[in-house]
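Trainee: Listed below are the residues making up each chain.
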Amino acid sequence: MPEMPQVVRGFGVTFNTIFKKVVTEQYPEDSTKYPPKPRFHGRHQLNRWADGLEKCIGCELCAWACPADAIFVEGAENSETERFSPGERYGRVYQINYVRCIFCGLCIEACPTRALTMTNEFELADNNRADLIYEKKDLLAPMLPGMLAPPHPMVPGTTDTDYYAGKITGAVPEQLIEQELLDEEVSEVTS
Amino acid sequence: MTITNEPGAQVAVPTDLVNVTIDGVEMQVPKGTLVIRAAELIGIEIPRFCDHPLLDPVAACRACLIEVDGMPKPQPACAQMVAEGMNVHTQHSSQVAAEAQAGVMEFLLVNHPLDCPVCDKGGECPLQNQAMSVGRPETRFTEEKRTFPKPINVSAQILLDRERCVSCARCTRFAEQIAGDPMIELLERGAQQQVGTADDEPFDSYFSGNTIQICPVGALTSADYRFRSRPFDLVSVPTTCEHCASGCSLRTDYRRGVVTRRLAWDDPEVNEEWNCDKGRFAFRYQSHGRINAPLVRENGELRVASWPEALATAAGIFEAARGNAGVLVGGRSTVEDAYAYSVMARAVLATDDIDFRVRAMSDEEAGFLAAVVAGSPVTTTYGSLENAPLVLLVDIEPEDESPIVFLRLRKAARGGTRVVTVASHLTTGSEKMNAELVACAPGDEVRALTELSADIRTALAVPGAVIMVGERAAAVPGAFTAVADLAKSTGAALVWVPRRAGERSALDAGALAGLLPGGRPLTDATAREEVARIWGISADRLPQPGRSGRALLENAARGDYAALLIGGVEVDDLRDADLLRAALESETSVVAISTHHNEVTAAADVVFPSGVVTEKSGTFLDWEGRPRPFGQVFHEALTTSDAGVISAIAEVMDATVEGSVTGIRGQIGALGPWRGARTTRTAVAAQPAAAGVRLATWRQLLDLGLMQSDEPHLAATARPTVARMSAATAAANGITEIATLTGPAGAISLPVEITEMVPDVVWVPMNSEGSRIYRDLGLGFGDVVQISAGGRP
Chain A
1 MPEMPQVVRG FGVTFNTIFK KVVTEQYPED STKYPPKPRF HGRHQLNRWA
51 DGLEKCIGCE LCAWACPADA IFVEGAENSE TERFSPGERY GRVYQINYVR
101 CIFCGLCIEA CPTRALTMTN EFELADNNRA DLIYEKKDLL APMLPGMLAP
151 PHPMVPGTTD TDYYAGKITG AVPEQLIEQE LLDEEVSEVT S
Chain B
1001 MTITNEPGAQ VAVPTDLVNV TIDGVEMQVP KGTLVIRAAE LIGIEIPRFC
1051 DHPLLDPVAA CRACLIEVDG MPKPQPACAQ MVAEGMNVHT QHSSQVAAEA
1101 QAGVMEFLLV NHPLDCPVCD KGGECPLQNQ AMSVGRPETR FTEEKRTFPK
1151 PINVSAQILL DRERCVSCAR CTRFAEQIAG DPMIELLERG AQQQVGTADD
1201 EPFDSYFSGN TIQICPVGAL TSADYRFRSR PFDLVSVPTT CEHCASGCSL
1251 RTDYRRGVVT RRLAWDDPEV NEEWNCDKGR FAFRYQSHGR INAPLVRENG
1301 ELRVASWPEA LATAAGIFEA ARGNAGVLVG GRSTVEDAYA YSVMARAVLA
1351 TDDIDFRVRA MSDEEAGFLA AVVAGSPVTT TYGSLENAPL VLLVDIEPED
1401 ESPIVFLRLR KAARGGTRVV TVASHLTTGS EKMNAELVAC APGDEVRALT
1451 ELSADIRTAL AVPGAVIMVG ERAAAVPGAF TAVADLAKST GAALVWVPRR
1501 AGERSALDAG ALAGLLPGGR PLTDATAREE VARIWGISAD RLPQPGRSGR
1551 ALLENAARGD YAALLIGGVE VDDLRDADLL RAALESETSV VAISTHHNEV
1601 TAAADVVFPS GVVTEKSGTF LDWEGRPRPF GQVFHEALTT SDAGVISAIA
1651 EVMDATVEGS VTGIRGQIGA LGPWRGARTT RTAVAAQPAA AGVRLATWRQ
1701 LLDLGLMQSD EPHLAATARP TVARMSAATA AANGITEIAT LTGPAGAISL
1751 PVEITEMVPD VVWVPMNSEG SRIYRDLGLG FGDVVQISAG GRP
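Sequences listed follow chains A and B, in order. Under the numbering used here, the residues of the first sequence are numbered 1 to 191, in order. Under the numbering used here, the residues of the second sequence are numbered 1001 to 1793, in order.
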């Protein structure tokens, strides 16, 4: 049998492919059909306890671990009237610079309270540097049902250890009431 | 161990050496050396928490256990002295020692909380380091840890977290042995052992901040630095404290352009490893209320101006004032800045009317400083205080006015030095130095010094004896004369201890009428020739001696100067504040160079911003005369030094004044020390003491000083404002609880504390809340004051 011309053989590959399943993913049109893998390193998230208090204690270990120096944290002290996290300390300023971040995940490994985790969100492009510095408000996890926006007191009768032990299941009405009482006290003192 | 070589001091060569073997290394060390120190000498590090070279051994933490041949159990290396033939095995060569240390480490961590992420010590913590390097990877302790409520305040500034404490007793030993303020102590026993204070007595020591620095765990932290940063955020710069003439070495830590904290740095010849709370915690003034841009007065209002415009305006003012200008430098300048003022006055403004003193002052004092202090070499040092047989304090309260001098005197007193203070009463500071009192009402110093007991006179004649005189003596006519005469007749060394960091600096830079840099008399032809050559002018262009002190201020108050150049001067700090106020209100043009807005800048025609210590480099001279150079912390600062401003003004005037720190240091170096004749002081006779109740007063360490502003935690540890008088004085005036003091400017009422002191004297703090003597009373040290019972404090 005479040899087929090289050109025809070459088109044979093309012809066969017509009957195969398409591998091209239509991004962004079909992006929901092709989610990243569950352990994909995407944008960070600052988690909350079940009652809404922040898990971040402002310890800066994430910033220390960061090989790209992309994280800036400033801690501050929780007070009786303004509590953002259980325990003594919370992260007052929290910034991640996504121009610098290399999504290596060392920060979330370093986090002692599991406050910092990574989501699957990867669409972080922008056209200027300033908007790529994500502030605490951009990184905080959304409020879920049963949560109360801080600042508010811890669940009455509990300590920070109870939070770390996972004993808190949600906000209780007293936290709201206590907060309102505190607000009243403060306004009385200041007035 | 640090070996200090004092110039001229005899270095003791140890003769009784003992042979000791550590980890197989044979060595000879002086008898009495601790094993831990001997091991350091050959580079063997034994773990330790409680051990501190400047504190007595206590062997409280047991972290340093080592094996010694012939001893049944492991021994603490920090308390074990070497003995002849001793064979020591550290953790490196002995399984017993290594296991003992590991066991102690495990015990220390049993109740230590897992606070490292939120602890201010985390990242620079000896316990953390030790646990990371030799601690067990997994804990065997699964029970509940002992807990305490945390943190508690041992003072407004110092916070105590008892869970973290390893009971090393460094803080309590520091408080008792070094500061002499044993207000904290170890209480309870066993797991409940904790540091504590008496119920109603907080740890309000002037030196409390040092306990934070030496705490080997995060048990003691400051309210000021709480959660402000982590060690790895900080950039550290070695600096010098700008608060007083003690000249402490400091470490300034900053983060993103803001100073977050200051620590005492190790300088064995000066501050050892300590500093005072003012030097440690008072630095927020550096960033608050600053002048950021040059200001020029237009239509009666100050407005922001460009540098060229402000420089041209100032140059115009000074052009018209050549030969008729006055210069006030202020007591906070560096040597370099004061030198620039000095050159500006003499070489450009052709005037010798210059002074750095912003406090009570006298011509007698100026003469004394020129003749005895200015440009004198460093002969009497902190080290000489320690070795002195007797130190006589005249008109100085070291704990308040030069705290590191106080610490060294206390150390000296513990070592056998006799401290004698000429004062109205024995303060708590004097008691801590075990001082003897030569009772003397303010103003009677001359009589007290001439009538000194033969016993003290004899002791003063012993080589090494020191007389320290404070700046308050300027308020007493004849005091400096009497002190200088006493030093001359007994042969004792005489030192002047000013309060502010820049006073000795300015004096040696020649910022005082009649004085050229290095203590050169302005009247001396050789001195004029030397200085003129360096300054690049002819000697005959240097002015003739001019006015200083009150004469300068009086001339200014009359409006006789065409222009005044004023550095960092707070009007209320002057005993004669009214004279300067009159000058500011007069037609005289005023050019101010200042870091902060104040009464002078408000009245000035041109205001230039100047850098605080973090924004420039420079040198302070401490009371010894020892140069204390410091580097620039913030290189990106937009302000320049006073010298930089002066140099720029001179340039517009077609004159040359060196403005760079290196250039000025070069000029001072080229001038060298003055070897010619010094000015001679003129003796001033004492004045008979006026009848009535006299005022004793000085500035407390923590008071309303401007450089302590915006420090609420520090201010809360200040001593309460009280009036002190003897029981007899109180009774004679019918005073029980509250006394009202009345002077020409007004009256103040203060709670009374009956104190054993000279009769007919009342002591009040000079610049504390409710007691600002110059402003509120119009009186100063030694003045007669009216006292009466009652009033509302």
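Hints may be right or wrong, so weigh each one.
In silico DSS-like pairs for lysine-lysine, Cα to Cα no more than 25 Å straight-line [said to hold, decoys possible]: (1) A:Lys-167 - B:Lys-1031; (2) A:Lys-21 - A:Lys-37; (3) B:Lys-1432 - B:Lys-1031; (4) B:Lys-1411 - B:Lys-1432; (5) A:Lys-167 - B:Lys-1432; (6) A:Lys-33 - A:Lys-20.
Computed far set for chain A versus chain B, every beta-carbon distance over 12 Å [stated by the list, open to error]: (7) Ser-85; (8) Arg-92; (9) Ala-110; (10) Thr-113.
Bear in mind the hints are in silico, worked out from the structure with no lab data behind them. Backbone N, C-alpha and C define an ideal beta-carbon position, used for all residues, glycine too.
Trainee: Determine for every hint whether it applies to the structure shown.
Mentor: Each hint, compared with the structure:
1. With a C-alpha separation of about 61 Å, the suggested pair Lys-167 of chain A and Lys-1031 of chain B falls outside the 25 Å cut-off, and the hint is violated.
2. In summary, the hint linking Lys-21 of chain A to Lys-37 of chain A is supported, as the alpha carbons are separated by about 21 Å, within the 25 Å threshold.
3. Distance hint between Lys-1432 of chain B and Lys-1031 of chain B is unfulfilled; the C-alpha atoms sit about 30 Å from each other, more than 25 Å.
4. For the hint pairing Lys-1411 of chain B with Lys-1432 of chain B, the CA-to-CA distance comes to about 10 Å; that is within 25 Å, so the pair holds.
5. For the proposed pair Lys-167 of chain A and Lys-1432 of chain B, the alpha carbon gap of about 54 Å is over 25 Å, so the pair is violated.
6. Straight-line distance between C-alpha atoms of Lys-33 of chain A and Lys-20 of chain A comes to about 19 Å, which keeps the hinted pair within the 25 Å bound.
7. Not every beta carbon of chain B lies more than 12 Å from that of Ser-85 of chain A, the smallest distance being close to 10 Å; the non-interface claim is violated.
8. With a least CB separation of 9 Å from chain B, Arg-92 of chain A falls inside the 12 Å interface cut-off, contrary to its annotation.
9. At roughly 9 Å from the closest C-beta of chain B, the C-beta of Ala-110 of chain A falls inside 12 Å, breaking its exclusion from the interface.
10. Not every beta carbon of chain B lies more than 12 Å from that of Thr-113 of chain A, the smallest distance being close to 8 Å; the non-interface claim is violated.
Checked against the numbered hints listed earlier, the structure breaks hints 1, 3, 5, 7, 8, 9, 10; every other hint is satisfied.
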